[in-house]
Structure formats: structure tokens, C-alpha cells
Amino acid sequence: MNGMEPEIEPSVSLRVGGRHLTTRQLEVLSAIHREGSQNRAAARLGISTSVLHRYVSQMEGKVGRPLVVTSPAGSELNELGLRIAMEYEALEARMGRGTSMVVGGTIVTEELLLNALSKMDREGLCELIISDDARNLKDFQAGMMDLMVIDDPLYLYDLEDVIWQEVATDRLLHVDNGPRYGRFMYGAQRIGFRHLELTGSRYEVEGAYRSLSALQRSGLSFFVNESLALRKRLDLRSATDPSLLEHRINAVYREESNFVRDLVGALRNESRMASPI
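If you're matching positions, the sequence shown starts at 12 in the numbering used here and goes up one per residue.
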């Protein structure tokens, strides 16, 4: 032996339906998620597109279901593929935490957080986790997250001994295709469904969706944040006046430091510049 200490490095793998997906396979899925193209994903990973296709085929064979949807516009993950990729990305961010500050948000507030952190975290020391409110809330309560931006203000009632500050205002768009609804995993969904209950509208939730494009293709009715629809350049007509579904987006944290105070201020400034209202 040369006396050098062996390097100890954690890595992530997942079991899906009892089948093991390797770190490399998960990296492939994450690259497709981030790039929106299998060619760009292959370039990102430094492999050929044909090798990437083999990884995808191996994963789909293991789980017994498709994971990637290809169209002339590019490639995207379907519901299951997106769930796996986001779980892997969240675990990767948590493992790399060290002493850095961990900030959480959802796809609704992702752009807001990216812009604010680009100004406030020039050294790239913060870890940003993008998941859904419920998952971020669990991590926050477990002490694994320092600050989270939550879409649904009703979650504030579940929290104790925290500080919260309003950082943005948003509205829900109500796409009405009948009484059968899909529940989008992001945004203040409970506000939308509570409105249906208050107005005596009959509805039935038939499933949860992480992919907005898959939810649109489903033909189900749904609610989606106006800010996200605008960012994705979707021309959606709301069956309900969006002002009736207006709500606040909040930053939640336990300890107020100069950095946290400045980050909350940056989030507010970014939201004012991007606000659809």
C-alpha cells in the first residue's frame, strides 16, 4: 500500500418497481430532463447518441414501461421518467450539501429562484432543490433545507416556529374540459379545488401529473399557475376569472441572516419584474 487514504464518495442509485437503476442510467435520464434533447444530453455526458439510446432502452426494459417521449421538437420525459429524474436530482443535491445553504422551490418558482440566486450567490455556494411543495416541506421540517419557497400558502398552517415572507403574487388558470380533473403536482392546487367546492361544481380527480404537457394531452380539466403558463408560452383560456384564484407565494425559513434577508429581497424584486398581474 502507498499509505494514501482511499477516497470515500457517495453515489445515488434508485429502485423502481423493485428493479435497480444505476447511477449512470440515472445521469442519462437527468441529462435528457435538463437538455430536452437526446443529442444534447449525449453531448453533455460525453457519449454518443447511440450509447445514450442503449441506456434508455436498458432502463425502460428494467421498469417495463416507457420513460422518454420523442417528437420533432425534441425529447422529454413522461410522467414516470420525470418522477425518477427529479428524485435523482434532489438526492444528488442533498448528498452534495456539505456546509452550503440549501434552498428549495418548485417548477413554478424555479425561474424566480434562479434569477435571484444568480445575483445573490455569485460563488455558487447554495444548493437549489426543485421538487414539489409536499416533498420540500418534509425536507425543511427534517432540517435538510434552510429556506423554501412554497407555491401553496395553505401549507403555512402546517408550520410552527418559522419565519415567512411574501415574495410574489400569482394566479391560477382554470382549464375546464368537464368534471374529470388532473391534479398538477405544482402550484396552489388546493385553492383551485376549494373554489370548485365553494361554487358547488362537481368534479373528480383522476390522477396526479408532474408533466404539464402530459396533463394537457390527457384531455382532463386542470389548474395551472399563470406565471408558469406564460413562461412556457401557453395560450390557455381560463374558465374562471384568474383574479378569484389569486394567491401569495412565500419564502419560509427558521433563522434570519443577512444572506437570507438579501435573498428574500432579491426574490421580491425579481417577482415584480416578472409579474403577470
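By construction, these hints were calculated from the structure, which means they are not laboratory data.
Beta carbons are placed, not taken as given, at the ideal position from N, Cα and C, and that holds for glycine.
A couple of the hints might just be wrong.
Using 20 Å as the maximum straight-line C-alpha spacing, the simulated DMTMM-like pairs for lysine to aspartate or glutamate come out as follows [said to hold, decoys possible]:
{"id": "1", "residue 1": "K149", "residue 2": "E171"}
{"id": "2", "residue 1": "K149", "residue 2": "E87"}
{"id": "3", "residue 1": "K73", "residue 2": "E98"}
{"id": "4", "residue 1": "K149", "residue 2": "E121"}
{"id": "5", "residue 1": "K73", "residue 2": "E122"}
{"id": "6", "residue 1": "K73", "residue 2": "E46"}
{"id": "7", "residue 1": "K149", "residue 2": "D132"}
{"id": "8", "residue 1": "K243", "residue 2": "E266"}
{"id": "9", "residue 1": "K243", "residue 2": "E122"}
{"id": "10", "residue 1": "K149", "residue 2": "E134"}
{"id": "11", "residue 1": "K243", "residue 2": "E138"}
{"id": "12", "residue 1": "K130", "residue 2": "D169"}
{"id": "13", "residue 1": "K130", "residue 2": "E267"}
{"id": "14", "residue 1": "K130", "residue 2": "D273"}
{"id": "15", "residue 1": "K149", "residue 2": "E217"}
{"id": "16", "residue 1": "K243", "residue 2": "E71"}
{"id": "17", "residue 1": "K149", "residue 2": "E71"}
{"id": "18", "residue 1": "K243", "residue 2": "E103"}
Computed beta-carbon distance windows for the label pairs [said to hold, decoys possible]:
{"id": "19", "residue 1": "Q69", "residue 2": "R242", "range": "27 to 35 Å"}
{"id": "20", "residue 1": "A54", "residue 2": "D246", "range": "39 to 47 Å"}
{"id": "21", "residue 1": "Q69", "residue 2": "A250", "range": "40 to 48 Å"}
{"id": "22", "residue 1": "R228", "residue 2": "R45", "range": "41 to 49 Å"}
{"id": "23", "residue 1": "P253", "residue 2": "T33", "range": "15 to 23 Å"}
Is the straight-line distance between the alpha-carbon of K73 and that of E122 20 Å or less? Violated, at roughly 34 Å.
Compare the distance between the alpha carbons of K130 and E267 with 20 Å, and conclude whether the hinted pair is satisfied. At roughly 19 Å apart (the allowed maximum being 20 Å), E267 and K130 satisfy the hint.
Hinted pair, alpha-carbon criterion (20 Å max): K149, E71. Please report holds or violated. Distance ~30 Å between K149 and E71 Cα, so the pair is violated.
Assess, step by step, whether the Cα of K130 is no farther than 20 Å from the Cα of D169, and give holds or violated. 31 Å, violated
Would the hint linking K243 and E71 be met if the CA-CA limit is 20 Å? Answer violated: K243 to E71 is near 28 Å, above 20 Å.
Next pair to validate is K149 with E87; report whether the Cα-Cα distance is within 20 Å. 28 Å, violated
Pair hint outcome, K73 versus E98 [Cα-Cα no greater than 20 Å]: 17 Å, holds
Can you confirm whether the C-alpha distance between K149 and E121 stays at or below 20 Å? 19 Å, holds
Tell me if the straight-line CA distance from K243 to E266 falls inside 20 Å. 34 Å, violated
Does E171 sit within 20 Å of K149, going by the straight-line distance between their CA atoms? Given pair K149, E171 holds - Cα atoms ~13 Å apart, limit 20 Å.
Could you see if the CB distance from Q69 to A250 stays within 40 to 48 Å? About 44 Å separates the Cβ atoms of Q69 and A250, which means 40 to 48 Å holds.
Between the alpha carbons of K130 and D273, is the straight-line distance 20 Å or under? Distance of about 10 Å is within 20 Å: holds.
Consistency note: the structure conflicts with the earlier hints numbered 2, 5, 6, 7, 8, 10, 11, 12, 15, 16, 17, 18, 20, 22 and 23.
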